[in-house]
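> Mind docking chain B on chain A? Use the hints.
Those protein sequences? They're chains A and B, same order as listed.
Count along the first sequence starting at 1, add 23, and that's the number in my numbering.
Count along the second sequence starting at 1, add 23, and that's the number in my numbering.
Keep in mind that a hint or two might mislead.
What the hints assert, rightly or not - Below are the DSSO-like pairs computed for lysine-lysine, each with C-alpha atoms no more than 27 Å apart in a straight line:
no., chain 1, residue 1, chain 2, residue 2
1, A, Lys-326, A, Lys-283
2, A, Lys-245, B, Lys-245
3, A, Lys-151, A, Lys-124
4, A, Lys-189, A, Lys-256
5, B, Lys-326, A, Lys-326
6, B, Lys-326, A, Lys-245
7, A, Lys-283, A, Lys-344
8, A, Lys-256, A, Lys-344
9, B, Lys-245, A, Lys-326
Don't read these hints as lab results, they were simulated from the structure.
Here the structure is a predicted model, which is why all the values come from computation and not from measurement.
What follows is each chain in one-letter form.
There are 2 protein chains.
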Amino acid sequence: MAWTCNLHLSHKIPFSLASSRFISEASHAFSKSFTTPFPSRSSTTHTSIKSNSPTLSVSATGTFTWDDVVRISQPEILPDDSSDLTGFFEKIRICNRGSEKQSEFLPFAIDDQVVGYIHNGFASHLRKFQDVFVFPQDSSCGGHVSLHPMLSTPEERTSAVGDVVKCLGEELIPGIRNELYPVASSFGAPIFFSLERAAAPYFGIKAYGVQMNGYVERDGQKLLWTGKRSQEKATYPGMLDHLVAGGLPHGIACGENLVKECEEEAGIPRSIANEAIPVGAVSYMDIDGYRYKRDVLFCYDLKLPESFIPENQDGEVDSFKLIPVTHAANVIRRTQFFKPNCSLVFIDFLFRHGYMSPEYIGYLDLLQSLRSGDCS
Amino acid sequence: MAWTCNLHLSHKIPFSLASSRFISEASHAFSKSFTTPFPSRSSTTHTSIKSNSPTLSVSATGTFTWDDVVRISQPEILPDDSSDLTGFFEKIRICNRGSEKQSEFLPFAIDDQVVGYIHNGFASHLRKFQDVFVFPQDSSCGGHVSLHPMLSTPEERTSAVGDVVKCLGEELIPGIRNELYPVASSFGAPIFFSLERAAAPYFGIKAYGVQMNGYVERDGQKLLWTGKRSQEKATYPGMLDHLVAGGLPHGIACGENLVKECEEEAGIPRSIANEAIPVGAVSYMDIDGYRYKRDVLFCYDLKLPESFIPENQDGEVDSFKLIPVTHAANVIRRTQFFKPNCSLVFIDFLFRHGYMSPEYIGYLDLLQSLRSGDCS
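With the rest of the complex left out, here is chain A (with noise of 0.2 Å):
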C-alpha cells in the first residue's frame, strides 16, 4: 500500500495552460526553439504548449505512458539543464503549499502537547462532538483544542475519535482506509491515541512513511527502478512511484514496514529486502483546504542485483521500469508525472549520490527545502 501526497491533482497544479498540467513549467523557460513529438496512447485530445519557444504535445486528459516518460527523459530532448535546480524547486514549492494559512488553524493539544492541528472551518464539525472535544472559549484568541478529560486512556480516545470520524463521514472526510496511524508530538514519543489515517491531515497529526530508492549498477551507471502506479488506486492513479512505498501505520518499526512493503509492492524477498538501508528523511507540510499535511518521510537506498525484476504483489502498481538516474531526474524536473512526495526523496537521492554540484545555483536552499516540514 502506498504512501500518497493525498493532493487533488485538479487543485494543487499552478498552471495558467490547464491542458498543460503534466508538463513543468520548468521546460518552458528555454530558449532553443523545437518541437517534441509527444505521443500519447490516450485517444483523447492533444495540446500543444508553446511558451518561450519549445512545444511539447502531452495529452490533455493527463494520462501518459511509458513511451512518454521515455520521450521526455532523455537528455537531447531540451538543451543542456543539468545545472538548472528550476524545476526541482517548484516540485518542492507543489509539497508546501499554504503556509501563509497556519493562521486559519488552532493547535490540538493532548496533556499540553500539541499533536495536530484544526481548521477553523473543520473545527466547526467537531463542536457538536462535546462529550470527545473541548474548545477554547474564544478561539479568536488563541487557546487550543483538547480531548474531553473523560477521555484518558489511548483506548478510549481512539475509539471515541474514530466514531466522530465515521460519524462524518466521507463527505468530509474522503478515502476511509481503515488504517490506524499514531497521534504523537514527535517521532518515537508517547502515543496518546490512534486516528483513521484519511483523518490524519484533518487533525493535522504528523504522519511518517518510508520510501525507497531501488537501483542498480550497470557498468558504473545507475539506473533507477520507477513504478507506475494503477489507474484504479483512489490517490494518483497512473503516476509515477518509487520502486517502493509505504505510510507507517501504528505498531511497526521502519524497517519492518519496509521490508513488508518491499514485498507486497515489488516481490522483492526479505533475503534482499534486508539489505535496504536508511538514509535519511525528508519532511514537508501542506495546507489544503482544511487539510493540514505534517509528514516526514523516511528514505532508503536498495542496490538491487542487476538480474532481480520487481513483480507487484497488491495490484496497485501497474507496472515497472528501470530508468537511468539522470533520466529520471529529466522527469522530475520537466515534468509532474511522479506523485509529488516521491520527488522529495528522489532530489534527495541526487544530493546524496553525487548528481548535485554545489556550484549549482541554489545548491543550499534547495537542500534545506526537502526538510521544509517539522522533521521531528
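Relative to chain A, chain B alone:
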C-alpha cells in the same frame, strides 16, 4: 590547509573533570563495570575517570596516540552502544554553543543585507574607525553596524577593513592567516568585500569549507582514512581529522578547492580526486566570547582504491590511518579526539551510508541537528 573550527579547546570542553577532557561524557553512561588500561606515549600523569561504573585511564595532557585511538575504538571495549546517540549529540552541541548570547551581537549589514554579527564588546574597538564603520545612534534600541558609505567598491571595503584588522592586532584577533574569505549574505550571493579569515568570526560572517570522507571498501566493510594533525598546527594540534578538508577562500569553486586540498593534504592525484562526489552540507553556529562562527561545510565522499596510501604534502598532517567506519564511529561517540566540526561531517556520512537506523532514539533530532546553523 585545513578548515578549522577555531575554538580554543581549553575554553570549549564543558566537562567538570578537566583532566578527562578528551573522553566524552557518553562513555560514562554505561552500567557494566570494567577497567580499560588506556595507554599513552605521553609521560605525563594519567588520570582515572570513574563515573557510574566504567573506568578509563587517559593522559592528563590531552595528547593521545594512534594506539589510544585504536584501543578506544574497539566495539568490545564498552558494552554495545550502537543505538545510543548520546555521544553524537554531545559532539554536535560542542560545535553549537552560546545561542543564548545572540542578543550580545549587533547585525552587520551592507546594502541592507545582513552579512554578519558583531559583539558589543568587539564593536567598541571598531568605533574609533569612524571612516570605516557606521554605528546605530543607540545600539540598545537595535539597528545595525554598516560600512561607511564612502567605501562603495569591494576593493575599497576590503582594503579599509583589512587595515582595521591589522591595526587591532594579534592581541584582539589572533592567528592572522593572510587569507581572504568572501563576505556575502549567503552562498553564491553577490560578494560585498573580502575579509581576513581569522577575522571572520569576529565579524560573524558566513564561512564555507569542504570536508571529504575518504574511504575504501574491503570485503563489504567500509574503512575511513583518518588523519592526525601535526603537533605544530596552531589549531587543534594532534587531533584527528578527515583525510582532506579546507576552508573555501575567495575566488575558488568548491570542487576545484577540494581537488587542490586532496593534492596538498593527502597526495591524492587529480585523476582520483575527480572521483570525489558532493553529497550535501552541514552547518553550525557557535558563539564564544566575541566570536560568532556561522559555518557551512560542503561534504564530499571519495571511495579510494584499496591500494592507495595517502601522503601529506604540506606538513599539516602527521600521519594517516585506515579505521573501520564502525570503529571511527566509536571514537566520535566516546572521545573528543576528532577536531569538533569533523564530527558533523562524519555523522552525516553515518546517516547516508546506513549506519544509523530510524529505530534509534533521537534519529530525526540528530539528523536535523547536523544543520543547526544557517545553511545558506
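> Next step is simple, just say for each hint if it's right about the structure.
For each hint, the structure was consulted:
1. A:Lys-326 / A:Lys-283: holds, 17 Å
2. A:Lys-245 / B:Lys-245: Holds - the C-alpha atoms of B:Lys-245 and A:Lys-245 are around 20 Å apart, at most 27 Å.
3. A:Lys-151 / A:Lys-124: Judged against 27 Å, a Cα distance of about 25 Å means the pair holds.
4. A:Lys-189 / A:Lys-256: Holds, because 22 Å separates the two Cα atoms, which is no more than 27 Å.
5. B:Lys-326 / A:Lys-326: holds, 17 Å
6. B:Lys-326 / A:Lys-245: holds, 16 Å
7. A:Lys-283 / A:Lys-344: With a Cα-Cα distance of about 21 Å, the restraint between A:Lys-283 and A:Lys-344 holds, given a limit of 27 Å.
8. A:Lys-256 / A:Lys-344: holds, 19 Å
9. B:Lys-245 / A:Lys-326: holds, 16 Å
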